[in-house]
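Engineer: Sequence:
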Amino acid sequence: MTSDMSDTHYHGDEISADTYATLRRHQFNLESLEERLQRMENTTATMKEKWCRGDEAMRDVTGSCISALTSKIKSIQGVLMAIHSYIARRPEASLSIDRRNNISTDIHHRTSVDDATNRGR
Numbered sequence: 001m002t003s004d005m006s007d008t009h010y011h012g013d014e015i016s017a018d019t020y021a022t023l024r025r026h027q028f029n030l031e032s033l034e035e036r037l038q039r040m041e042n043t044t045a046t047m048k049e050k051w052c053r054g055d056e057a058m059r060d061v062t063g064s065c066i067s068a069l070t071s072k073i074k075s076i077q078g079v080l081m082a083i084h085s086y087i088a089r090r091p092e093a094s095l096s097i098d099r100r101n102n103i104s105t106d107i108h109h110r111t112s113v114d115d116a117t118n119r120g121r
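Under the numbering used here, the sequence shown is numbered contiguously, ending at residue 121.
Please note that the accuracy of each hint is not assured.
To be verified - Between beta-carbon pairs, the in silico distance windows are:
#1 Asp55 x Phe28: 38 to 44 Å
#2 Ile15 x Gly54: 49 to 55 Å
#3 Trp51 x Asn29: 29 to 35 Å
#4 Gln38 x Ala68: 42 to 48 Å
#5 Thr43 x Glu14: 38 to 44 Å
What the hints contain is simulated information worked out from the structure, not anything from laboratory work. Backbone N, C-alpha and C fix where the C-beta goes; we use that ideal spot for every residue, glycine too.
Turn these sequences into a full structure, and let the hints steer you where they fit.
Structural biologist: Written out as structure tokens, the structure is:
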């Protein structure tokens with residue numbers, strides 16, 4: 001949106017030289033502002049486009065990572081099921097780790113701090 005100062009030139013007799021110079025300076029400032037605003041708008045549009053592409057790229061990366069993790073989880077679950085199946089088929093497999101050795105640590109002589117203290121009296 002460029003101002004046309006050509007009309008002002010023909011009316012130079014009606015305005016002073018200072019006023020004309022001021023008008024030209026304002027016209028230049030307005031044109032500069034317009035150019036700056038246009039550059040800002042272009043930059044903003046470019047940034048939005050890059051952000052959108054970045055979001056799409058991030059979604060692609062995230063999606064492939066989630067897919068890979070899901071695949072690994074399924075693989076690990078399969079291995080765990082095979083291990084459980086193997087353990088269940090073993091003849092020496094027991095339901096509990098305590099089944100082979102039923103001795104409890106609590107069956108030994110129990111001594112309390114009070115008993116040891118009271119012996120000395």
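Engineer: If a hint holds in the structure, say so; if it does not, say that too.
Structural biologist: A quick look at each hint next to the structure:
1. Asp55 x Phe28: 38 to 44 Å: holds, 41 Å
2. Ile15 x Gly54: 49 to 55 Å: holds, 54 Å
3. Trp51 x Asn29: 29 to 35 Å: holds, 32 Å
4. Gln38 x Ala68: 42 to 48 Å: holds, 45 Å
5. Thr43 x Glu14: 38 to 44 Å: With Cβ atoms ~42 Å apart, the hint holds.
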